[in-house]
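Line order of the protein sequences matches chains A and B.
Sequential numbering of the first sequence, starting at 1, is according to the numbering used here.
Sequential numbering of the second sequence, starting at 1, is according to the numbering used here.
Treat each hint with caution, since some may be false.
As the list claims (entries may be wrong) - FRET-style restraints, in silico, Cβ to Cβ: (1) B/171 / A/80: 21 to 27 angstroms; (2) A/2 / B/149: 53 to 59 angstroms; (3) B/198 / A/2: 22 to 28 angstroms; (4) A/24 / B/144: 52 to 58 angstroms; (5) B/264 / A/41: 22 to 28 angstroms.
Claimed, not checked - Calculated lysine-lysine pairs in the DSS-like style (CA-CA distance at most 30 angstroms, straight line): (6) B/26 / B/78; (7) A/75 / A/96; (8) A/75 / B/177; (9) A/86 / B/48; (10) B/28 / B/48; (11) A/75 / B/266; (12) A/24 / B/305; (13) B/266 / A/96; (14) A/27 / B/177; (15) B/95 / B/64; (16) A/8 / A/86; (17) A/82 / B/177; (18) A/27 / B/192; (19) A/75 / B/192; (20) A/82 / B/115; (21) A/24 / B/48; (22) B/305 / A/27; (23) B/171 / A/86; (24) B/198 / A/86; (25) B/266 / A/82; (26) B/192 / A/82; (27) B/192 / A/2; (28) B/26 / B/198; (29) B/198 / A/19; (30) A/82 / B/64.
In short, the hints are calculated from the structure, not lab data.
No residue lacks a Cβ here, since even glycine has one placed at the ideal position from N, Cα and C.
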Amino acid sequence: MKIDQLIKELGCEVLHRRKETGVKDLKHFVVSDLMSDVLLIDEEVDLLITSLSTTQAMRTADIVSAMGVIIVNGKAVTADMKAAAKEFDMTLLKTKLSTFEVCGVIHRLKG
Amino acid sequence: MVIDKSIPIKMEESTSLILDLIYRLKIKDVMSRNLVVASPEDSLDHIKTLMKQKNVTGIPIVKKDRLLGILSIDDIFKALDNGYMQELAEKHMSKKLVMLEEDMPLAFAISYFDKFKYGRFPVVDRNNLLVGMITSRDINVGLLITINKEVARMEELLAQSTPVDVHNIRKIFRIRKYDFEHAGNASNRIKKLLVERKLDPRDIRRVAVAMYEMEINITVHSEGGTLTVVIDNDHAEIIAKDSAPGIEHPELALQEGYSTANEWIKSLGFGAGMGLANIRRVSDTFDFHSALGKGTTVRAVIDFKRKKGNDNDH
């Protein structure tokens, strides 16, 4: 699925958009609130989906070269996080949906 | 240059040494402990004499080490003008107290001087008992002494370091305890350099993960330390070194899931007890030494694979 499709389906607020054309086919999603676990993953990561709304989530996503982060549960996103998204050239999205609902949508879109 | 409202230096552009110092030094390291105090039952006249004798301009009023108020030279001037020098300190002392705690970083004291415009702050311990006073002079003296020591140490380091190839990366980062605002920053910067150098993404991941875990470990568990990164064409070597406190059970620390992190660190998404095990997992060479009271050193070497034709990951 494409990022624009995901933004629409999840009703995301776009806080920062990385410089890209949006043609990339998103396949690899990591869902975790525990950054230690994110760092254990060997596979490619396209998007990190988390309810941990901190700059550490952004830094961790950068370490695993994710192209973006989705903050769930409508949690507040700080100015520092937006600055980090800009610095790391990363898409930062926020949705009111819960982790469970986000996973459901992604599962459906993946077919 | 005054950008940050609480600390009158531009945080982003300051040397890491100065930032390190104002967070590493605690108020108790620079405050004065020779307290000149008075009791609430002392007269203003008595306090005036005390100020003159001890050459101070503000006196904490205490009862059984508990701070009740502060009497400043301004209060004495007012009493002289209005002729109530025989009245008691408790009646005229300032009870609106702004206090600092002895374990706070020096940065707090600096921001307080900027924020409140007082000449001095009382310092209390955990039990709220008065243990010292801090003035701008105490901060200046404390910083100068420490900077002097640090510069001497750096000059020594400089003399020891050997010139390196300009194509190689060789960096030393100082990592501060509990500085979650910047924790991970060094790793993000190194990772960016590696991306620019178009290293194999899998190698970038391994270097970045090892370094990031080390950086978080120093932030969470140590009293602060350094991360040294040396990268050439064939490998990356990362050394994390701190001087305190060290690990009581080094053999347990390597086990997955063993953690001594507290709840608020866990609330940041760390402290799952995977850090050291994960560093070992991603490295080709892994050394780890720690002893209580002596600090911890972790060394990881990542050999670059550079297999041609395997670029289809990204």
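Hints versus structure:
1. B/171 / A/80: 21 to 27 angstroms: holds, 23 angstroms
2. A/2 / B/149: 53 to 59 angstroms: Since residue 2 of chain A and residue 149 of chain B have Cβ atoms about 57 angstroms apart, the given range 53 to 59 angstroms holds.
3. B/198 / A/2: 22 to 28 angstroms: The hinted range 22 to 28 angstroms holds for residue 198 of chain B and residue 2 of chain A, with Cβ atoms some 26 angstroms apart.
4. A/24 / B/144: 52 to 58 angstroms: Given about 54 angstroms between the Cβ atoms, the range holds.
5. B/264 / A/41: 22 to 28 angstroms: About 25 angstroms separates the Cβ atoms of residue 264 of chain B and residue 41 of chain A, which means 22 to 28 angstroms holds.
6. B/26 / B/78: violated, 35 angstroms
7. A/75 / A/96: holds, 8 angstroms
8. A/75 / B/177: holds, 27 angstroms
9. A/86 / B/48: Given pair residue 86 of chain A, residue 48 of chain B is violated - Cα atoms ~59 angstroms apart, limit 30 angstroms.
10. B/28 / B/48: holds, 28 angstroms
11. A/75 / B/266: Between residue 75 of chain A and residue 266 of chain B the Cα gap is close to 18 angstroms, so the pair holds against 30 angstroms.
12. A/24 / B/305: At roughly 27 angstroms apart (the allowed maximum being 30 angstroms), residue 305 of chain B and residue 24 of chain A satisfy the hint.
13. B/266 / A/96: holds, 24 angstroms
14. A/27 / B/177: violated, 38 angstroms
15. B/95 / B/64: Holds - the C-alpha atoms of residue 64 of chain B and residue 95 of chain B are around 17 angstroms apart, at most 30 angstroms.
16. A/8 / A/86: holds, 22 angstroms
17. A/82 / B/177: It holds: about 24 angstroms lies between the C-alpha atoms, which stays within 30 angstroms.
18. A/27 / B/192: holds, 23 angstroms
19. A/75 / B/192: OK: residue 75 of chain A and residue 192 of chain B at ~28 angstroms, within 30 angstroms.
20. A/82 / B/115: holds, 28 angstroms
21. A/24 / B/48: Since the Cα atoms of residue 24 of chain A and residue 48 of chain B sit roughly 77 angstroms apart, the hinted pair is violated (cutoff 30 angstroms).
22. B/305 / A/27: holds, 25 angstroms
23. B/171 / A/86: holds, 24 angstroms
24. B/198 / A/86: Between residue 198 of chain B and residue 86 of chain A the Cα gap is close to 21 angstroms, so the pair holds against 30 angstroms.
25. B/266 / A/82: holds, 23 angstroms
26. B/192 / A/82: holds, 18 angstroms
27. B/192 / A/2: holds, 25 angstroms
28. B/26 / B/198: violated, 43 angstroms
29. B/198 / A/19: holds, 19 angstroms
30. A/82 / B/64: violated, 51 angstroms
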